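Chemist: Sequence:
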Amino acid sequence: MALLTRLLVLIPLVLSIVGMVLSALSLFAGHKQGFMEDYAIARLNVSMMGQELLSTSDDKAEEKDDGDDGFFDSVGDKISDLKDDVIDYGNDLLGDGVDRVTEELGIADWYSIHVMDSCQGYYKPNATDAHPSLNSTNCTDSEPGQRFNLSKILDKKMSLGPVEVSINDLGWTPEVQDKLDILNDALLGLFILYVLGMGFSGLAILGCIAAFFLPEKRTVHLANFVIATLGALSLLVASILVTVAVTKGVDEINDVAEEINIEVDRGNKFLIISWVAAGVLLTSVIFWAGKFCVAWRANRHFRRSEKGMGGYHS
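Numbered according to mature numbering (1 follows the signal peptide of the UniProt record, and there is no 0), the sequence shown spans residues -16 to -1, 1 to 298.
It is worth saying that the hints were derived from the structure and are not from the lab.
In this text the structure is predicted, and so the values were computed from the model without any measurement.
For each residue, glycine too, the CB sits at the ideal point set by N, CA and C.
You may find that some hints are simply not true.
Dumping the calculated SDA-like pairs for lysine to any residue here, alpha-carbon to alpha-carbon at most 20 Å [said to hold, decoys possible]:
#, residue 1, residue 2
1, Lys232, Trp259
2, Lys163, Gln130
3, Lys163, Glu236
4, Lys163, Asn133
5, Lys253, Val240
6, Lys201, Cys277
7, Lys253, Ser117
Using C-beta positions, here's what the derived DEER-type ranges look like [unchecked claim]:
#, residue 1, residue 2, range
8, Gly183, Ser117, 44 to 54 Å
9, Phe196, Asn119, 45 to 55 Å
10, Leu(-13), Asp125, 34 to 44 Å
Produce the entire structure from the sequences given, and follow the hints as far as they go.
Modeler: Structure below.
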């Protein structure tokens, strides 16, 4: 029985190790170029910014009544198709110009936001591929509470002959940065919460080792319950905070950036490891709560038995 009690402690030990590893990965994802780049909190795809600036008649077409097309309708359709061909050709020329401008300005295809830094890079083989890979080219220095300022990154100018071109000429709007600040405001809090979660997970590992050698000590069980609870709460609050911030931020950014073809994707992989980290520590909390209750009942039963034996001997 004593051996089984000791072996059961391996369950919260493994859970605590997993919780510490996942909270550390959440904290350090993207802290250096190419490291867990897929696990960004959010990613901005600016590879199509400024493309398709002209609208074809299909984009503005309204529903028409069903019926037979007459001669004039047929002629109108031919003229509309010719107009669309001209506009498509114009978009191709504009797109080539935009590609040159973004290349000369040093604008990457994507920018990613992590807890402690931000990265940028290009899609391989290209942005239009169905499943492109991420080629990270640069990351900022890691620091707590860093703020991702896309406006500053894109604040560059180039000369095309006598004309000076900036990112504003591609349709950039400061509203995008205003919405990005929703994510920025959460980054320092996330850093603190993941550090706490990682720290309490480490303490929980030490507590499990203590419980292995002192399986009958209720104070050890109680201490492990408290530590696991604090760690679980830290990671739970972090997961709720990042989920709400990134969901709200992404939706609002896409609303204002859709017209200039900037798209922001939510970091679902990051959210998964954050919630799993919170889940394993919550499971550890349940284990230690049950363990403490069992030990408390066993101790109460033992005391009652001692009283009964004392009365019998007297």
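Chemist: Next step is simple, just say for each hint if it's right about the structure.
Modeler: Tested hints:
For the suggested pair Lys232 and Trp259, the alpha carbons sit about 18 Å apart, so the restraint of at most 20 Å is met. The suggested pairing of Lys163 with Gln130 holds, with an alpha-carbon distance near 16 Å, which does not exceed 20 Å. Straight-line distance between C-alpha atoms of Lys163 and Glu236 comes to about 6 Å, which keeps the hinted pair within the 20 Å bound. Restraint check for Lys163 and Asn133: the C-alpha separation of about 11 Å stays at or below 20 Å, so the hint holds.
Using a Cα cut-off of 20 Å, the hinted pair Lys253 and Val240 is violated, with the two alpha carbons roughly 25 Å apart. A C-alpha spacing of about 12 Å is found between Lys201 and Cys277, which places the hinted pair at or below 20 Å, so the restraint holds. Of the supplied pair hints, the one linking Lys253 and Ser117 holds, its CA atoms being roughly 15 Å apart against a limit of 20 Å. Range check, Gly183 to Ser117: Cβ separation about 35 Å, and the 44 to 54 Å hint is violated.
Checked against the hint of 45 to 55 Å, the pair Phe196 and Asn119 passes, with Cβ atoms roughly 46 Å apart. A hinted range of 34 to 44 Å is violated for the C-beta pair Leu(-13) and Asp125, which are about 50 Å apart.
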